[in-house]
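Trainee: Single-letter residue listing:
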Amino acid sequence: KQEVTQIPAALSVPEGENLVLNCSFTDSAIYNLQWFRQDPGKGLTSLLLIQSSQREQTSGRLNASLDKSSGRSTLYIAASQPGDSATYLCAAMTGANSKLTFGKGITLSVRP
Amino acid sequence: DAGVIQSPRHEVTEMGQEVTLRCKPISGHDYLFWYRQTMMRGLELLIYFNNNVPIDDSGMPEDRFSAKMPNASFSTLKIQPSEPRDSAVYFCASSPWGDTQYFGPGTRLTVL
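As you go down the protein sequences, you meet chains A and B in turn. Residue numbering for the first sequence follows the numbering used here, starting at 1 and increasing by one per position. Residue numbering for the second sequence follows the numbering used here, starting at 1001 and increasing by one per position.
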């Protein structure tokens, strides 16, 4: 059974810092790895999707990497801004069956 | 596009009552997912449909939960009878081909 872990549960940084959010998964036979953002009281917004054959994906100030062999993914946020404050969840799709296993998320606070 | 629409946004009910949550997926999306999010367990997949057919309901916690998708533009998740431990935020998500998922705003359910 796939398990996805995100540590720490919360992170507070000053504006402008470059930061890395970590995600680990137990079953390396993943189909893809996805990162989502969740704002308080809202649904999830898809940020990046990395296929199992890829090593990374980039969107603006966000870069996500995937290392299947070690069971790890990282989300890199460059030049963080207060508007980046949210909870970031990673999710692993194990097999082409559309089922996502989510981590519990990292709540990020970027201080002005 | 209005995105995934869920109703109601908030539901407060008493133990033993029937609860029906509703979802309208994005037009043209063939996949529909129901998730439950709690602080303790995080985000869990309950059931998903492909072309209105339930594909995997292994996440449905017990027989009190049922889900239907009578057509491509509507799905319901029903809890009967409801219990306090069912209190959670329930999300519906849709996807055009099963990988990138688009989430609705969620229904916050409180069972007293």
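Keep in mind that the hints were calculated from the coordinates and are not lab data. Where hints are given, some of them may not hold.
Stated by the list, open to error - Below, in silico cross-link-like pairs of lysine-lysine (DSS-like), each with a Cα-Cα straight-line distance of 27 angstroms or less: (1) A/K104 with A/K68; (2) B/K1078 with A/K99; (3) B/K1068 with B/K1078; (4) B/K1024 with B/K1068; (5) A/K68 with A/K1; (6) B/K1078 with B/K1024; (7) B/K1068 with A/K68; (8) B/K1024 with A/K68; (9) A/K42 with A/K104; (10) A/K68 with A/K42; (11) B/K1024 with A/K1; (12) B/K1024 with A/K42; (13) A/K1 with A/K99; (14) A/K1 with A/K104; (15) B/K1078 with A/K68; (16) A/K99 with B/K1068; (17) A/K99 with A/K42.
What the hints assert, rightly or not - According to the in silico footprint, chain B covers these stretches of chain A (three or more CB under 8 angstroms from chain B): (18) 45-56; (19) 81-90.
Please read all numbers here as calculations on a predicted model, not as lab measurements. The beta-carbon is built from N, C-alpha and C at its ideal position, and this holds for glycine as well.
Trainee: Is the Cα-Cα distance between A/K104 and A/K68 27 angstroms or less?
Mentor: holds, 20 angstroms
Trainee: Can you confirm whether the C-alpha distance between A/K99 and B/K1068 stays at or below 27 angstroms?
Mentor: Between A/K99 and B/K1068 the Cα gap is close to 18 angstroms, so the pair holds against 27 angstroms.
Trainee: Given the hint that B/K1024 pairs with B/K1068, does the C-alpha gap stay at or below 27 angstroms?
Mentor: holds, 12 angstroms
Trainee: Measure nothing beyond the straight line between the CA atoms of B/K1024 and A/K1; if it is 27 angstroms or shorter, mark the hint as holding.
Mentor: violated, 31 angstroms
Trainee: For the pair supplied as a hint, A/K42 and A/K104, is the alpha-carbon distance within the 27 angstroms limit?
Mentor: holds, 15 angstroms
Trainee: Regarding the pair B/K1024 and A/K68, is the alpha-carbon distance no greater than 27 angstroms?
Mentor: Given pair B/K1024, A/K68 is violated - Cα atoms ~35 angstroms apart, limit 27 angstroms.
Trainee: Within the region 45-56 of chain A, is the number of residues with a Cβ closer than 8 angstroms to a Cβ of chain B three or more?
Mentor: n = 3 at 8 angstroms, threshold three: holds.
Trainee: Compare the distance between the alpha carbons of B/K1078 and A/K99 with 27 angstroms, and conclude whether the hinted pair is satisfied.
Mentor: holds, 21 angstroms
Trainee: Need the status of pair B/K1078, A/K68: alpha-carbon distance at most 27 angstroms?
Mentor: violated, 38 angstroms
Trainee: Are 3 or more residues of the region 81-90 of chain A near chain B, judged by a Cβ distance of less than 8 angstroms?
Mentor: It is violated, with 1 qualifying residues against the three required.
Trainee: Need the status of pair A/K99, A/K42: alpha-carbon distance at most 27 angstroms?
Mentor: holds, 21 angstroms
Trainee: Just to be careful, I want the Cα atoms of A/K68 and A/K42 compared with a cutoff of 27 angstroms; is the pair within it?
Mentor: Since the Cα atoms of A/K68 and A/K42 sit roughly 30 angstroms apart, the hinted pair is violated (cutoff 27 angstroms).
Hint check: violations occur at hints 7, 8, 10, 11, 15, 19; the rest are consistent with the structure.
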